[in-house]
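Undergrad: Respectively, the protein sequence lines represent chains A and B. Residues 947 to 1056, numbered by the working numbering, are exactly what the first sequence covers, in order. Residues 5 to 118, numbered by the working numbering, are exactly what the second sequence covers, in order.
You can take every hint at face value.
Which bits of chain A does chain B cover? Going by a derived footprint, with three or more residues having C-beta under 8 Å, they are:
1. 982–992
2. 1046–1052
Selected chain A positions facing chain B (Cβ under 8 Å, derived; list incomplete):
3. Q977
4. Q979
5. E1036
6. Y1042
7. K1043
Hints were generated in silico from the structure; no laboratory data involved. Glycine residues also receive a C-beta, built at the ideal position from the N, C-alpha and C atoms.
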Amino acid sequence: EQQVQQSPASLVLQEAENAELQCSFSIFTNQVQWFYQRPGGRLVSLLYNPSGTKQSGRLTSTTVIKERRSSLHISSSQITDSGTYLCAMEGNTGNYKYVFGAGTRLKVIA
Amino acid sequence: EAAVTQSPRNKVAVTGGKVTLSCNQTNNHNNMYWYRQDTGHGLRLIHYSYGAGSTEKGDIPDGYKASRPSQENFSLILELATPSQTSVYFCASGDGGESSYEQYFGPGTRLTVL
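Sequences and hints are given; from them, build the entire structure.
TA: In structure tokens, the structure reads:
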């Protein structure tokens, strides 16, 4: 079974601290996307990063295909960053189908 | 970002009843997807489509049918709803081009089957 493992499962930060979220894949993939979700809310695309390093504001993602992993770095965290961060990869059946990780629940406190 | 809408946003159905969940996207994406999200299982793919008239089975298709009558619309149909289908359902769309697999999600439909 194709799997996506995310770590840590949950994380509590003080406001302004940095966070590093990890995603590892059971197969080699070249399609990786990171999403953000508030409880009960829609998934919001943060970064599409199939390889290398991409940045968007305070978010930086690094994907290393040969090591089957991707990371999401959040700098200077804010209370509004609280929520669940999900990563997804394309499975080896191709066909534009994603397999999702279970997510990292982030809580940022004052 | 692509605009994906879903209706209804909330639905209560009775066991054995028929439920239709609708999804509309306005950015002319070829691919559309239906997922369900449950605690402990994450997001799982039910059905997907590559364009009008096409539907494909995802990872958990049993008990569900899909319909893609047009580029914009993709429906998920529960012919005989069961309590195990109580969940939050998300629709997504994506262009599926060689350069990008990005998917864009709708707001979700919370379905309760009593």
